[in-house]
Every structure is written in structure tokens, then in C-alpha cells.
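All chains, full assembly: derive it from the sequences and hints.
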Amino acid sequence: EPEVTQTPSHQVTQMGQEVILRCVPISNHLYFYWYRQILGQKVEFLVSFYNNEISEKSEIFDDQFSVERPDGSNFTLKIRSTKLEDSAMYFCASSNTRGNSPLHFGNGTRLTVT
Amino acid sequence: AQSVTQLDSQVPVFEEAPVELRCNYSSSVSVYLFWYVQYPNQGLQLLLKYLSGSTLVKGINGFEAEFNKSQTSFHLRKPSVHISDTAEYFCAVSAGGTSYGKLTFGQGTILTVHP
Numbered sequence: 001e002p003e004v005t006q007t008p009s010h011q012v013t014q015m016g017q018e019v020i021l022r023c024v025p026i027s028n029h030l031y032f033y034w035y036r037q038i039l040g041q042k043v044e045f046l047v048s049f050y051n052n053e054i055s056e057k058s059e060i061f062d063d064q065f066s067v068e069r070p071d072g073s074n075f076t077l078k079i080r081s082t083k084l085e086d087s088a089m090y091f092c093a094s095s096n097t098r099g100n101s102p103l104h105f106g107n108g109t110r111l112t113v114t
Numbered sequence: 001a002q003s004v005t006q007l008d009s010q011v012p013v014f015e016e017a018p019v020e021l022r023c024n025y026s027s028s029v030s031v032y033l034f035w036y037v038q039y040p041n042q043g044l045q046l047l048l049k050y051l052s053g054s055t056l057v058k059g060i061n062g063f064e065a066e067f068n069k070s071q072t073s074f075h076l077r078k079p080s081v082h083i084s085d086t087a088e089y090f091c092a093v094s095a096g097g098t099s100y101g102k103l104t105f106g107q108g109t110i111l112t113v114h115p
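Keeping their order, the protein sequence lines are chains A and B. Taken in order, the first sequence gives residues 1 to 114; the numbers are from the working numbering. Taken in order, the second sequence gives residues 1 to 115; the numbers are from the working numbering.
Simulated from the structure, these hints should not be mistaken for lab results. Just so you know, these numbers come straight off a predicted model, no measurement behind them. Ideal Cβ positions, reconstructed from N, Cα and C, are used throughout, including at glycine. Any given hint might turn out to be false.
Said to hold, decoys possible - Using C-beta positions, here's what the derived DEER-type ranges look like:
id	chain 1	residue 1	chain 2	residue 2	range
1	A	Gln41	B	Asn61	25 to 31 angstroms
2	A	Lys83	B	Ser80	42 to 48 angstroms
3	A	Thr76	B	Pro115	31 to 37 angstroms
4	B	Gln45	A	Ser27	18 to 24 angstroms
5	A	Thr97	B	Gln10	34 to 40 angstroms
6	B	Leu56	A	Gly40	32 to 38 angstroms
7	B	Gln42	A	Thr112	17 to 23 angstroms
8	A	Gln64	B	Ser80	44 to 50 angstroms
9	B	Pro115	A	Ile54	18 to 24 angstroms
10	A	Ile20	B	Gln42	19 to 25 angstroms
11	B	Thr112	A	Ser81	38 to 44 angstroms
12	A	Thr97	B	Val29	17 to 23 angstroms
What the hints assert, rightly or not - Partner residues aside, some chain A positions facing chain B, computed with beta carbon under 10 angstroms:
id	residue
13	Gln6
14	Tyr35
15	Glu44
16	Tyr50
17	Lys78
18	Ser95
19	His104
Encoded structure:
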């Protein structure tokens, strides 16, 4: 069964550094998402992306965050200047329609900011 | 806006016993409801979803859930659990439409099945 793949599985970075988290969604999917889960807290929606633009974003998704689909297969989340509170598990997800098809999640990237 | 409350953070149960994981939600609009499971070091996998129609929804691995609009609940049940059901379970809602993929999650329930 096709899967959403995320790389790396664990990323350690220093505060203030830029980090790019990478995702390869399922190939025929059209809708893409990023979620995050801070340790001990709920999984939170960050952003949805369709037709090469952001469809919706949460309050968390401020100017430090950006998303891109650079080459038609990858879907990336960039954090421009990481803060300690950005440490979390970041999940990518994709779906092939907006209607009733389920979101398929990747295994996540654990980001640790030191 | 929507919110989801999972009433139990941890549920221990013996193998072959029944289990119910509770989920309550609040929303000012009609919602779609989901249960996801997360096994260690893996992503979130959809167990089942309620979009419309029959309020009793059957999912994978023998799980089912019942949508109760008057009680704003969507409890997950399994009549007989296996060791392999040990995982974290998340209830989630979305408003549908253009916000279909914007899921609001509960805090998760860790189900531990003991032999």
C-alpha cells in the first residue's frame, strides 16, 4: 500500500537555525497537510496546501513557517529561525480528495531544538 | 471552532476483554468524526470515520464506534481485544467542506492490553 514518507526521522538543530522537514506524499494525492505534536500535548493542525498554495493555516503557522512543493513530488515545511518551543514531532499527511477520503499520515519527524 | 475531549488518558485491559475508549466533542457546526491509532514509532492510521448515515460505524481490526449527536459523543469499542491492539488512540473531528483535512484531535488514550 502506498505510504507517506518523511525524512529525516529525527532532526537535531540549534536555536536560530533554519530547518527543512521533507515529505513525499502518496503520488496521486492532491491535498497536503502538516501537523505537529509537542511532547505530552495534542496533535495540532498547522497548514493545508492545495494547487500550489496554502488553503488554510492555524495561528501556530506564523511567518517563521513556510511550505513548498518544489518539484511535484516533495512537500516541505521550513522553519526559518527555530526556537526551543518548536521541538515537536511533525507529521505530514496527504489525501486525494477533499471530500471523504481519509488523510494518510507519515511516521513523523522528531525535531529537537537545542 | 471544535474541541475534542478523550476522557481517559490510559486504559489498561486484559486480553480478550471488551474495551471502550471515550470521546466527546463540541462544535457549533456539523462535524465529521474520526478515530486514529498510533503504534510505537509509526504514523497515525485511520481506524474508522463517521461522515453521515448510520450512526454505528465499523472500522478495521474489529473496532466500531457509535455517533451520538445528543450526547456529542463518538466512543470507540471492541468486544475482545488482543495484545496487538496496544497503542495510542486519537479521536478527531473536522468541520468538513474546505476544512475537511483540518482535524482537531483529542489528547489521546493509551490502550495497554495485558496477557
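message: Going through the numbered hints above, which ones does this structure break? Give me the numbers in ascending order.
response: 3, 9, 17
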